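A.B. asks: So the sequences go chain by chain: A and B. According to the numbering used here, the residues represented by the first sequence are 1 to 290, in order. According to the numbering used here, the residues represented by the second sequence are 291 to 580, in order.
In case anyone wonders, no lab produced these hints; they're calculated from the structure. Just so you know, these numbers come straight off a predicted model, no measurement behind them. Please note that a few of the clues may not be correct.
Per the computed footprint, the stretches of chain B lying under chain A, defined by three or more beta-carbons under 8 Å from a beta-carbon of chain A, are [as the list claims (entries may be wrong)]:
(1) 312-319
(2) 341-355
(3) 380-386
(4) 392-400
(5) 459-467
(6) 493-507
(7) 515-524
Simulated restraints, written as ranges between beta carbons of each label pair [as the list claims (entries may be wrong)]:
(8) Ala-343/B - Phe-276/A: 50 to 56 Å
(9) Ala-466/B - Gly-50/A: 42 to 48 Å
(10) Met-418/B - Leu-285/A: 44 to 50 Å
(11) Gly-141/A - Leu-371/B: 42 to 48 Å
(12) Ala-466/B - Val-140/A: 37 to 43 Å
(13) Phe-136/A - Met-418/B: 41 to 47 Å
(14) Ala-343/B - Leu-145/A: 57 to 63 Å
(15) Phe-203/A - Ser-471/B: 21 to 27 Å
(16) Arg-522/B - Gly-50/A: 30 to 36 Å
(17) Leu-21/A - Leu-346/B: 53 to 59 Å
(18) Val-378/B - Leu-51/A: 42 to 48 Å
(19) Glu-188/A - Ala-312/B: 16 to 22 Å
(20) Leu-318/B - Val-186/A: 55 to 61 Å
(21) Arg-372/B - Glu-188/A: 57 to 63 Å
Simulated pairs of lysine-lysine, DSSO-like, Cα-Cα distance not exceeding 27 Å [to be verified]:
(22) Lys-252/A - Lys-101/A
(23) Lys-60/A - Lys-191/A
(24) Lys-101/A - Lys-407/B
(25) Lys-191/A - Lys-96/A
(26) Lys-101/A - Lys-496/B
(27) Lys-60/A - Lys-210/A
(28) Lys-95/A - Lys-496/B
(29) Lys-95/A - Lys-210/A
(30) Lys-252/A - Lys-96/A
(31) Lys-407/B - Lys-496/B
(32) Lys-210/A - Lys-191/A
(33) Lys-579/B - Lys-210/A
Using N, Cα and C, we set each Cβ at its ideal position, and we do this for glycine too.
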Amino acid sequence: MRRRNAGWIALFLLPTVALFLVIYALPLVITLFTSLYDYRLFPNRMDFVGLQNYINLFTKDSQFHRALANNLIWIVIHTTVHIALGAILALILYKKPRGWKAVRVIYMIPSIISNAAVAMIFANIYNPSYGVLNSFLRGVGLPALQRNWLYDPATSFISVTLIWTLFSGYNTTLILSQALSLDDGVLEAAKVDGANRLQQDFFIVLPLVKPMIATTMIMAATYMLQMFDLIYLTTRGGPGVSTTNLPLMLYKTAMTENNYGYANTIGVVIILLGVFFMTLINRLLKTRED
Amino acid sequence: MTQKTIAKRETGELRDRRPLYARLPACLYMLLCVLVALFPILWVIMSSFKTNAQILSSAISLPTGISFEGYRMALEVSPILRYFFNSVVIALISTFLNVFIVSMAAYVFARTRFRGKGLLFSVLAMSMVIPMTALMQPVYQVITSLGLSDSLPGLILVYMALNMPLTLLIMRATFAGVPQSLEEAAYIDGASFLYTYLRVMLPVAKGGLASAAVLAFLNAWNEFTFALVLTRSAAVRTLPLSLSYFTSQFSFNYTALFAAITMAVLPSILVFALFQEQVSQSLVIGAVKG
């Protein structure tokens, strides 16, 4: 632009670039680099092992297989069931039935409070002795169904999954905002053509909000790829490895086993999966204009 | 009353004029969403007013009286106010610094030309595709070698970075949308680069700044994973992290446990209720721009 502005431009960029270098670039380089090393604290060592960490991870480590499978299943559920629950509500609310604003706000509440709090609430709901779930089952005369929901290997996975699947307020808000911005004329035209409510919703409105659905799906996939707090605070990945995922395994490998090279190999897998899902969803729903 | 109803009908545009049985599924679904969102929180609040014995004997019974004993005990056992204060400090400072420095960079990317701009932006944009959870171990390493582990500045630095991609995108789009003529007029009047930015551009970018700040604050306020990885001592513990200690701290004092959870979630819900329009709008802007 103007030559004399070069100094200002550099000054304006400097803090952000520095922040990027220290907290993103450097850790990324360390992650990629140390994934090729047997690098750990006890015993303290750093030996180059090539792709051995990756080979061990994919061919020998059954905990990793389980973590990866859980992670993928959760991503699939989160990008389908979870989004669908929110999208259905958005398709109801955009017609502005009585109380639609209140419903939107209330359904958002669980998405606004911290995951740590949600996890604590559900740890109590599922608690075998005073939790509301077992208490309810006793109340309706089904005491045989009582369980230790989070720590029984038969129910731990589904119990943890429910904690995040049902609360789709964020997606409702996003999809609703796009549905509300649609031109009324489109719907009027559909009515004239004789489309009924359901047909209107599915063949006219749904395709028009597809770009926002694609966005929510990408966010859901990256969110679930990084899911840590809700699992850590309820089951810590257990019992056994039944509810473990990649971030939990990374955390355990790095922070309790101090096996840094191996932990960062898991980190590389997470990064690659992130890129993969972003590309996949964009391809499938080829609707993002930008 | 009647006047109010009429006004509501006019503005609410009740488009669905079908008989009740046709609207029933939609009404039920809305009701279900409201119940799913409210029940867990209401159950926790309700339980915080019950005695231990009442909680254990029946989880779904209503409290017999309103007693704040649980709250008194909770504050005695756990310095929740201290953790609350830590969270406020960390979220406010990291949000302010994030928006302050990243806006400067965003302005340069939106409004100036210099060699390597495209390349530099693509490199910074990498931060958007890297799940930071994958970099847990090296981020810990970097923060430790900066001497910032187990400290508020360490967490602030990481939260600034965590919110960098979103703020950068929102602010770049905001500045790009400001009419070129405003800036040119300022330059013709002889304003400097810094003056133009501070006095001409920032004031018209208020909307974007607010959205970026709301999102950065929410993310920092609710963050758990890095708070767990980067801190140890109670002096720097954040509110979400403190929740993970509640179960052991309140071992068998369930009343206090529920009171503590209530205190941890109520501020978020109140703030959201007050600013829900702004928060929802920010979420939409963040999703569209990011």
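A.B. asks: All hints, please: hold or fail.
C.D. replies: Outcome of the hint check:
1. Counting residues of the segment 312-319 of chain B whose CB lies closer than 8 Å to any CB of chain A gives 5, so the stated coverage by that chain holds, three being the minimum.
2. Restraint check on the segment 341-355 of chain B versus chain A: 5 residues with Cβ-Cβ distances below 8 Å, three needed, restraint holds.
3. Check result for the segment 380-386 of chain B against chain A: violated, 0 residues qualifying (beta carbon to beta carbon below 8 Å, three or more required).
4. Coverage of the segment 392-400 of chain B by chain A holds in this model, with 5 residues showing a Cβ closer than 8 Å to a Cβ of that chain against a need of three.
5. Closer than 8 Å: that is the beta-carbon criterion, and the segment 459-467 of chain B has 0 residues meeting it against chain A, so the requirement of 3 is violated.
6. Judged by the Cβ-Cβ criterion of 8 Å, the segment 493-507 of chain B is not covered by chain A as claimed, because only 0 of its residues qualify and three are needed.
7. Here's how the segment 515-524 of chain B fares: 3 of its residues keep a CB closer than 8 Å to some CB of chain A, so the rule of at least three is met and the hint holds.
8. Remark: the range hint 50 to 56 Å for Ala-343/B to Phe-276/A is upheld by a beta-carbon distance near 53 Å.
9. The hint said 42 to 48 Å for the Cβ distance between Ala-466/B and Gly-50/A, and at roughly 46 Å that hint holds.
10. The hinted window of 44 to 50 Å between Met-418/B and Leu-285/A is violated, with their beta carbons roughly 18 Å apart.
11. For the hinted restraint 42 to 48 Å between Gly-141/A and Leu-371/B, the CB-CB distance of approximately 44 Å keeps it satisfied.
12. Between Ala-466/B and Val-140/A the Cβ separation comes to about 58 Å, which falls outside the hinted range of 37 to 43 Å.
13. In this structure the supplied range 41 to 47 Å holds for Phe-136/A paired with Met-418/B, their Cβ-Cβ distance being about 43 Å.
14. Checking the proposed 57 to 63 Å range against Ala-343/B and Leu-145/A shows it is violated: the Cβ atoms sit about 25 Å from each other.
15. With their beta carbons about 44 Å apart, Phe-203/A and Ser-471/B fall outside the hinted range of 21 to 27 Å.
16. Range check, Arg-522/B to Gly-50/A: about 35 Å between beta-carbon atoms, so the 30 to 36 Å window is met.
17. For Leu-21/A and Leu-346/B, the hinted distance range of 53 to 59 Å is satisfied, since their beta carbons lie about 54 Å from each other.
18. As the Cβ distance of Val-378/B to Leu-51/A is approximately 46 Å, the hint placing it in 42 to 48 Å holds.
19. Taking 16 to 22 Å as the suggested C-beta distance range, the pair Glu-188/A and Ala-312/B conforms, at roughly 20 Å.
20. In this structure the hint that Leu-318/B and Val-186/A lie 55 to 61 Å apart at CB is violated, the actual value being about 27 Å.
21. Between Arg-372/B and Glu-188/A the beta carbon distance is about 58 Å. The supplied range of 57 to 63 Å therefore holds.
22. Of the pairs offered as hints, the one joining Lys-252/A and Lys-101/A is violated, with about 43 Å between alpha carbons and a cut-off of 27 Å exceeded.
23. Simply put, Lys-60/A and Lys-191/A have alpha-carbon atoms about 60 Å apart, too far for the 27 Å limit, and the pair is violated.
24. Straight-line distance between C-alpha atoms of Lys-101/A and Lys-407/B comes to about 43 Å, which puts the hinted pair past the 27 Å bound.
25. Among the hinted pairs, Lys-191/A with Lys-96/A is consistent with the structure: their alpha-carbon atoms are about 17 Å apart, no more than 27 Å.
26. Using a Cα cut-off of 27 Å, the hinted pair Lys-101/A and Lys-496/B holds, with the two alpha carbons roughly 26 Å apart.
27. Restraint check: the Cα-Cα separation between Lys-60/A and Lys-210/A comes to about 41 Å, which exceeds 27 Å; the hinted pair is violated.
28. A hinted pair counts as satisfied when its Cα atoms are at most 27 Å apart, and Lys-95/A with Lys-496/B does not qualify at roughly 31 Å.
29. Restraint check for Lys-95/A and Lys-210/A: the C-alpha separation of about 18 Å stays at or below 27 Å, so the hint holds.
30. Under the criterion of a C-alpha separation no larger than 27 Å, the hint pairing Lys-252/A with Lys-96/A is inconsistent with the structure, at around 48 Å.
31. Only pairs whose Cα atoms come within 27 Å are accepted, and Lys-407/B paired with Lys-496/B is accepted, the gap being roughly 25 Å.
32. Straight-line distance between C-alpha atoms of Lys-210/A and Lys-191/A comes to about 21 Å, which keeps the hinted pair within the 27 Å bound.
33. With a C-alpha separation of about 16 Å, the suggested pairing of Lys-579/B with Lys-210/A holds against the 27 Å cut-off.
Violated hints, in rising order: 3, 5, 6, 10, 12, 14, 15, 20, 22, 23, 24, 27, 28 and 30; the structure is consistent with all others.
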